[in-house]
Structure formats: structure tokens, C-alpha cells
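Take the two lone chains and join them into the complex the hints point to.
Here the protein sequences line up with chains A and B, keeping their order.
Just so you know, the first sequence maps onto residues 1 to 111 in my numbering.
Just so you know, the second sequence maps onto residues 112 to 223 in my numbering.
For the record, the hints were derived by calculation from the structure and aren't laboratory data.
Note that the Cβ used here is the ideal one computed from N, Cα and C, for glycine as well.
Certain hints may be false.
Among chain B residues calculated to face chain A with C-beta under 7 Å, some are [as the list claims (entries may be wrong)]:
1) 152
2) 154
3) 155
4) 157
5) 161
6) 162
7) 165
8) 204
9) 214
Derived pair list, reagent style BS3-like, types lysine-lysine, alpha-carbon separation capped at 25 Å [what the hints assert, rightly or not]:
10) 210/B with 78/A
11) 153/B with 222/B
12) 178/B with 210/B
13) 210/B with 167/B
14) 178/B with 167/B
15) 178/B with 11/A
16) 17/A with 78/A
17) 78/A with 11/A
18) 78/A with 153/B
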Amino acid sequence: GAGVSQTPSNKVTEKGKYVELRCDPISGHTALYWYRQSLGQGPEFLIYFQGTGAADDSGLPNDRFFAVRPEGSVSTLKIQRTERGDSAVYLCASSLGGELFFGEGSRLTVL
Amino acid sequence: QKEVEQNSGPLSVPEGAIASLNCTYSDRGSQSFFWYRQYSGKSPELIMSIYSNGDKEDGRFTAQLNKASQYVSLLIRDSQPSDSATYLCAVTPYNQGGKLIFGQGTELSVKP
Chain A
1 GAGVSQTPSN
11 KVTEKGKYVE
21 LRCDPISGHT
31 ALYWYRQSLG
41 QGPEFLIYFQ
51 GTGAADDSGL
61 PNDRFFAVRP
71 EGSVSTLKIQ
81 RTERGDSAVY
91 LCASSLGGEL
101 FFGEGSRLTV
111 L
Chain B
112 QKEVEQNSGP
122 LSVPEGAIAS
132 LNCTYSDRGS
142 QSFFWYRQYS
152 GKSPELIMSI
162 YSNGDKEDGR
172 FTAQLNKASQ
182 YVSLLIRDSQ
192 PSDSATYLCA
202 VTPYNQGGKL
212 IFGQGTELSV
222 KP
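With the rest of the complex left out, here is chain B (with noise of 0.2 Å):
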């Protein structure tokens, strides 16, 4: 099993739409949570962090984390074109200090 899961995509929602991403990861004592984005040919960004149980937004993005589920998603309201990326989940597992453990990415493309 993989340390942290993501459905590769294409994820492919029209303008305007939601865009929902989603990531599993296997160590249940994980911490902390990103969300990053990579344009094609581009290095990843930090777009979100998450660190406890629940729902943080900060503008069109939204992050969510269930641990008991080891689970973590990001929802992109109100979807741009400018939004076509790959989003890549990534992981601090437990006890590994700053170690960041990425998933392999999910492709978004937003159609006009």
C-alpha cells in the first residue's frame, strides 16, 4: 500500500463547477497535511495546509480532513480555467519530523 493514495485523473469539471480531489494515506499517526499544485513543467506551490479534523477554506479552496478515516480532500469552488494543474496531496507521517511524503497527483483540467 502506498503511503499516501490519489486518484491520477484526469479530473475534468467545466467552468464554474466543483472540482473535488481526494487523498487517502496509510500512517493513522500522521500530522500534517498539504495540498500543492504544479502547473505542467513547473514545481509544486503550497496552495493548503491542514492540520486537525475538519473544514478550513481560505477563498475559492477548501480543505477537509478525517483522520479516523485517514482521509483528506480539497474542494476548488467556482473553477477556473486557470485551475488546470495537477494537485498533489502530500503527508507528514508520524514521527518522522519534517519528512513530507507526496502522493502521485491528480490532473484537473477545468473546460471552458
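Excised from the complex, chain A in its bound form (with noise of 0.2 Å):
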């Protein structure tokens, strides 16, 4: 597709549940964001990879969180034993190193 892909777009889900999301970045962008973003606050970084390693995975908040990019295109951010605190809108971004090119997020919600 054209532009960053998010799937899926809301997920509501009860705590302590596994819950998986999943980025389809711009082709031939090797960088790929997650970000975290709670109402009225900006984009909180996760973590980026530049093809399949991650390069920075310093805002991970906890090992309850873990993110792929196995073949260096898409990309799956894992959340294990989900609380409520962890409710967000998950965005992914993707780049050739300069501009980020943001998908329209994976709105969580945890019950």
C-alpha cells in the first residue's frame, strides 16, 4: 500500500490478556517506529528498528513488552499480561531516515 498500515485499528481486550499489533511499513523504508500516545500527550517511544534488529528499544516501559520485525518489513508489538495502564493509541512510523510517516494506530483498550 501507499502508506503505513495498522491492524487492528481498536482492540478492546480484558486484563491480563496477550495482545498483538501489527505494522505494515511504506515499502523500502528501513526504519520502523512504535510509539504510545495517551489522550492529550505526544507520541512516547518505544522502540525503532532499522531493518530487522532493533537499533533502540530504550522505551519499552517494561518485559511485558516485545516487538519483531522479522524479515525487516512488517512489524508485530506484543503486549503480555495487558493492564489497564497500557490502554493507548499505538502508533507505528516509518522512515528512510528522515521524515516519519505515520499509520493511523491501533487504539487499546484494556478492560
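See the structure below:
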């Protein structure tokens, strides 16, 4: 597709469940980013990939959060044992080294 | 101290006025600076980037960078109601590759 695609657009889950969020970047973009945005706040950096490897994962809040990009294209953000505080919009962005292009986000609600 | 700080607003200006949005950052070695616009319920989109001290103009938008003061601003001339959005300042910290850190955003409201 022409832009960054994120699925699902909305996810409602129960506390303690496992969740996967998927990001399909713009074709050819080598860098891929995950951010988390709560209402009224700016995007909070989680992790970014250059190719298949995580170049910087310093923003992952704890070991319940994990992300992979096995073939250097699609990425999956995985959240184990979800908590109500994980509720937010999870934004994915891709880049060729300059401007970040964002997807429309995955809104996660943990009940 | 937050890495990137902005006044959350809201900043309200009348149509046709100049809107001035400000941002400070803590890492003196930061190299790249960006302004993103985010409409309510939408994702951020890049409107300006600036890398060296001084002013950079693009249409009605001017970005200003002062590295000595660790300050970056965005001016919007002839503000339009369609400019009403949250404006996010973003900075690449020194020696951290492509990592981009965002401020909390300033909400701008342009009144007709």
C-alpha cells in the first residue's frame, strides 16, 4: 500500500490477556518506529528498528512489551498480561532516514 | 526535566493572526528538529524540519532554531481555522541514531 498500515484499528481486551499489534510500513523504508500516545500527550517512544534489528528499545516500559521485525518489513508489537494502564493509541511510523510517516494507529483498550 | 517541553495550551488566535508555538529541549547536542501537526483523532504529519540555527520558511510556516538557548519555535502567519490542531515538537537527541523524542504538544485554536 501507499502508506503505513496498522491493524487492528481498535482492540478491546481484558486485563491479563495477550495482545498483538501489527504494522506494515511503506515499502522500502528501512526504519520502523513504535510509539504510544495517551490522550492529551505527545507520542512516547517505545522502540525503533533498522532493518530486522532493534536499534533502540529503551522506551519499552517493562518486559511485558516486546516487538519483532523478522524480515525487515512488517513488525509486531506484543504485549503480555495487559494492564489497564496499557490503554492508549499505539502508533507505528516508518522512515528512509528523514521524515517519519505515521500510520493511523491501533487504539488499545484494556478493561 | 522533560527532554522536550512545550506549553500544552490551548493557544487561541483570531483568523489572520500570527500563531507562535514554542519548544525547549534538554539535550544540548541535539541535531535535528521537527514540527508535526496532529488533527484530533488522526496521526501526526510532518510540516517542518530544521537542522541549523536561524529561520527556515515554507509558505505560511517559519521554523526558528536557537541551539545556544536550546529553543525551537514555529510561526504560522495568516492563521486559518484549518490550522486548528495540536502541534508537536520533536527532537533527535545527540548520538541516538534515528530516535525521535516528542514534546507533549500545543493545542492551537484559530477562531474565525
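Hints violated by the structure (listed by number, smallest first): The structure breaks hints 1, 5, 6, 7, 8, 15; every other hint is satisfied.
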